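Line order of the protein sequences matches chains F and X.
In terms of this note's numbering, the first sequence is residues 216 to 581.
In terms of this note's numbering, the second sequence is residues 216 to 581.
Since the hints were derived computationally from the structure, they do not count as laboratory data.
Stretch-level coverage of chain F by chain X, calculated; a stretch enters the list once three of its residues show a Cβ under 8 Å from a Cβ in chain X:
#1 252 to 258
#2 285 to 295
#3 504 to 516
#4 534 to 541
Fair warning: this is a prediction, and the values are worked out from it, not measured in the lab.
Note that the Cβ used here is the ideal one computed from N, Cα and C, for glycine as well.
There are 2 protein chains.
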Amino acid sequence: MIFRQLKKADSAMARLGRLYTRHGPVETPVFMPVGTQASVKSVTPGELYELGAGIILGNTYHLYLRPGHRLIEAMGGLHKFMNWHLPILTDSGGFQVYSLSQSRKIQEEGVLFRSHVDGSMHMLTPELAIEIQEALGADVMMCLDTCIPFPADRQQIIDSTNLTTRWARRCLDARTRGDLLLFAIVQGGMERELRCSHTEQLLGMGFDGYALGGLSVGEPKELLFEMIACSRPMIPPGFPVYVMGVGLPEDLVECVDLGVDMFDCVIPTRNARNGMLFTSFGHIVIKNARFAQDQGPVDPECSCYTCRNYSRAYLRHLFMAKELLSYRLNTIHNLYYYLNLMAEMRTALAMDRFREFKRDFYSKRQ
Amino acid sequence: MIFRQLKKADSAMARLGRLYTRHGPVETPVFMPVGTQASVKSVTPGELYELGAGIILGNTYHLYLRPGHRLIEAMGGLHKFMNWHLPILTDSGGFQVYSLSQSRKIQEEGVLFRSHVDGSMHMLTPELAIEIQEALGADVMMCLDTCIPFPADRQQIIDSTNLTTRWARRCLDARTRGDLLLFAIVQGGMERELRCSHTEQLLGMGFDGYALGGLSVGEPKELLFEMIACSRPMIPPGFPVYVMGVGLPEDLVECVDLGVDMFDCVIPTRNARNGMLFTSFGHIVIKNARFAQDQGPVDPECSCYTCRNYSRAYLRHLFMAKELLSYRLNTIHNLYYYLNLMAEMRTALAMDRFREFKRDFYSKRQ
Chain F
216 MIFRQLKKAD SAMARLGRLY TRHGPVETPV FMPVGTQASV KSVTPGELYE LGAGIILGNT
276 YHLYLRPGHR LIEAMGGLHK FMNWHLPILT DSGGFQVYSL SQSRKIQEEG VLFRSHVDGS
336 MHMLTPELAI EIQEALGADV MMCLDTCIPF PADRQQIIDS TNLTTRWARR CLDARTRGDL
396 LLFAIVQGGM ERELRCSHTE QLLGMGFDGY ALGGLSVGEP KELLFEMIAC SRPMIPPGFP
456 VYVMGVGLPE DLVECVDLGV DMFDCVIPTR NARNGMLFTS FGHIVIKNAR FAQDQGPVDP
516 ECSCYTCRNY SRAYLRHLFM AKELLSYRLN TIHNLYYYLN LMAEMRTALA MDRFREFKRD
576 FYSKRQ
Chain X
216 MIFRQLKKAD SAMARLGRLY TRHGPVETPV FMPVGTQASV KSVTPGELYE LGAGIILGNT
276 YHLYLRPGHR LIEAMGGLHK FMNWHLPILT DSGGFQVYSL SQSRKIQEEG VLFRSHVDGS
336 MHMLTPELAI EIQEALGADV MMCLDTCIPF PADRQQIIDS TNLTTRWARR CLDARTRGDL
396 LLFAIVQGGM ERELRCSHTE QLLGMGFDGY ALGGLSVGEP KELLFEMIAC SRPMIPPGFP
456 VYVMGVGLPE DLVECVDLGV DMFDCVIPTR NARNGMLFTS FGHIVIKNAR FAQDQGPVDP
516 ECSCYTCRNY SRAYLRHLFM AKELLSYRLN TIHNLYYYLN LMAEMRTALA MDRFREFKRD
576 FYSKRQ
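One chain only, chain F, in its complex shape (with noise of 0.2 Å):
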């Protein structure tokens, strides 16, 4: 088995769910914090476990560049070299390669590009993509896709759906090693009628879970919903529902609500290293002016370690003096509160309670 419904709620999509990988079973709705380049940046694996988090994500493109997928497979894999024993998800390296490459083209072979890191050529292929994730031992495993700009018009998106078919085929038949879990990904655009169909395609083809990908790509809120949607329900219900690069967290709780059991992306770590802190409330900026004196925690509802031992004043402070703590407390506090919001859906979802969580968390940031 790999993935259980253990509960459905009565009037919506929304779940409770276990994802069980070689590492251990995760429980969904699951927030994946990224540790781009074998670690989530400033904290250790240690910390990772008292926050909470059952599983992380590595990027496949800065490993491939950087140490190299190789050294980390002659390391022990990903999981030694690192030193994080639960389950971690890679994804395939093609939405970075179009993110950060210096230069990228896309053929029927795979993305040609040029490394961030010294200039050198590459050509990532679908097949190269899960011999990476293989050697380093992703207990989830993600299939190449291509990335659809938006907006992109109608030939372009059905262009690149249907390369992201072919690639996920040949992902399926380059892996070698049944007990890493692979995912296809859901490409479309924002087209309902072409996200729908590609997930029939993809469904027909057998893989372990879907991720709804292509969004968060500067398309309205609406319309992600919408995309989420109308692929969502055509997944059936023994499957894990992944979207892709989500987001902020009132995001997360109408994905949740939507029926997405996994989720991955940079801004906790990434806001919390520009000073952009979480709380239950909404968010504050901790270089504003009016925390210089401000003896009181970031949140006064939050009990992770920084909201029960330091000030918004020291906070502060840190962060003006540019101090490397300041990126780790403030790193810690946002990824306790993702953490913990995901751990309160679950909570309410296994009590019936998800309409009164939403409510409850809608009102306290009015």
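Use these hints to put chain X onto chain F, whose structure you have.
For chain X alone, kept in the frame of chain F given last:
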């Protein structure tokens, strides 16, 4: 009682002691990690405590400029502000005015300087140095002294040293809190006779402890030890002796042998961030390519968190990728090395085995 000499080595000045402060006792000889801006860079107070730090140092110059001593006082003092509840020693700000400010002018009244943070002009007087340190609530305060470059001519040394004496008197007079210890700083350049007469003068004025200052300013190692060897024996056993800004592990061993009780230095923390790691057999530079696939710990004899959990290969990767965790894991290792070295010296002194300790220390490094 301020300081108790618990045990003295038979054949040397080396001794075991205890410094009493309002935040509890400190076992000596002791190394004080440097927490410049109310943070020992990259680590939490909890980590410092677990590493065995018994006292840390704060920098008056930095805290005065940002966030300001009055702000820290309003927040309940430096201990509460930074969440560190063991003793803190603060420097006088003098040394950093000399080394960091964009321009400075020494006058009888004090030092006029331009802030490196915002370019504003300030006058640091002996009275202000005490006012700042009392506002911070430092367990041990330092007198404002002058900094004599190396080399310097005899008249310059005499003039500077005499000014340091007059400033020390003004510090004593400015002090309003008897619960905060106040140490004077011996100057005298690299002239034995001037060092001796200055030590005598300061001893006559009645401080709680004595620092040997103006050392580690570029002089040959022999001169450093010679200057310590000439003033140190003049200081009665009931006073703690502190050598400022020293140094490498072997310097600490030699200085302990000469009877020094207290040390501070940025070397373990700064060098950690530059990838230089101390080990029982010398130091290593972690970015060296030969560590790329090295599965062993930094130091097989070390039991710090970093060595227990991460390989040299991973630490090299983090360093090359400029990951924030690199600075932290390296800092933890280096501080552990320094603090453990001091603990080993204290144990050796307690067991009358300091000679043997020193022999073993050097034999491992060959």
